[in-house]
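J.: So the chains spell out like this:
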Amino acid sequence: DAGVTQSPTHLIKTRGQQVTLRCSPKSGHDTVSWYQQALGQGPQFIFQYYEEEERQRGNFPDRFSGHQFPNYSSELNVNALLLGDSALYLCASSFRVAKQFFGPGTRLTVL
Amino acid sequence: GNSVTQMEGPVTLSEEAFLTINCTYTATGYPSLFWYVQYPGEGLQLLLKATKADDKGSNKGFEATYRKETTSFHLEKGSVQVSDSAVYFCALTYSTLGRLYFGRGTQLTVWP
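Those sequence lines, one after another, are chains A and X.
As numbered in the working numbering, residues 1 to 111 make up the first sequence, in order.
As numbered in the working numbering, residues 1001 to 1112 make up the second sequence, in order.
Hints may be right or wrong, so weigh each one.
Claimed, not checked - Residues on chain A that point at chain X, a partial pick, calculated with CB under 8 Å:
1. LEU39
2. PRO43
3. SER86
4. GLY103
Said to hold, decoys possible - Output of the computed footprint for chain X on chain A, the stretches with three or more beta carbons under 8 Å from beta carbons of chain X:
5. 19 to 30
6. 44 to 55
By construction, these hints were calculated from the structure, which means they are not laboratory data.
Yeah, the Cβ is synthetic: ideal placement off N, Cα and C, and Gly gets one too.
Extracted from the complex, chain A is given alone in its bound form (with noise of 0.2 Å):
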């Protein structure tokens, strides 16, 4: 049984691009969670996604936004990056708000 999956692993974009983030949740899972992890920090909470929808969302921006589809995998959008942008950015699954699986995460670097 894989664990939760992450693509892509690393990407590099500039200043005013768009960038997509993709995640697997693992199996039996319906929740997906998505957390901004800058360089020295903590996970920070972006927000949370259930049955499709967004069910809490933390203290960021409109730029960020994200999608859950039917089977449950997720997808998180950046839009107009900043250089602050720059992170690593973690997915985590599970059923309902039980225990969070973390996957391993994409590197954004925003140039």
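With chain A fixed as given, assemble chain X onto it according to the hints.
T.: Frame of chain A, contents of chain X only:
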């Protein structure tokens, strides 16, 4: 609001030394408390948890006790190994929401 404060790192120890990483929290109500570990190049792994006051979480020789009176959840291990070198994060959540609030992390390096 909800927040977690961890002791600043990095922490450098010799193998078999005793480890303590301090964690205190600010929260309303009765959160669950966690320690996560992040090995180089990997995602977060749950190390241990405690869901109510005076609970002790334990795993792989690590322990932490939920102290409501001091709002603390300090991580301890009696004898660290080189393989314990990683970044450790203290976190809290409310079971009805599942959102995790993390501390800044503490880098641990263990030398042979």
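J.: Give a verdict on every hint.
T.: Hints versus structure:
1. LEU39: 11 Å, violated
2. PRO43: Holds, because the Cβ-Cβ distance from PRO43(A) to chain X comes to roughly 5 Å (cut-off 8 Å).
3. SER86: Violated. Min distance 17 Å.
4. GLY103: 5 Å, holds
5. 19 to 30: Per the Cβ count (0), the hint is violated.
6. 44 to 55: Satisfied; 3 residues make the cut.
The structure fails to meet hints 1, 3 and 5 from the earlier list, while all remaining hints are met.
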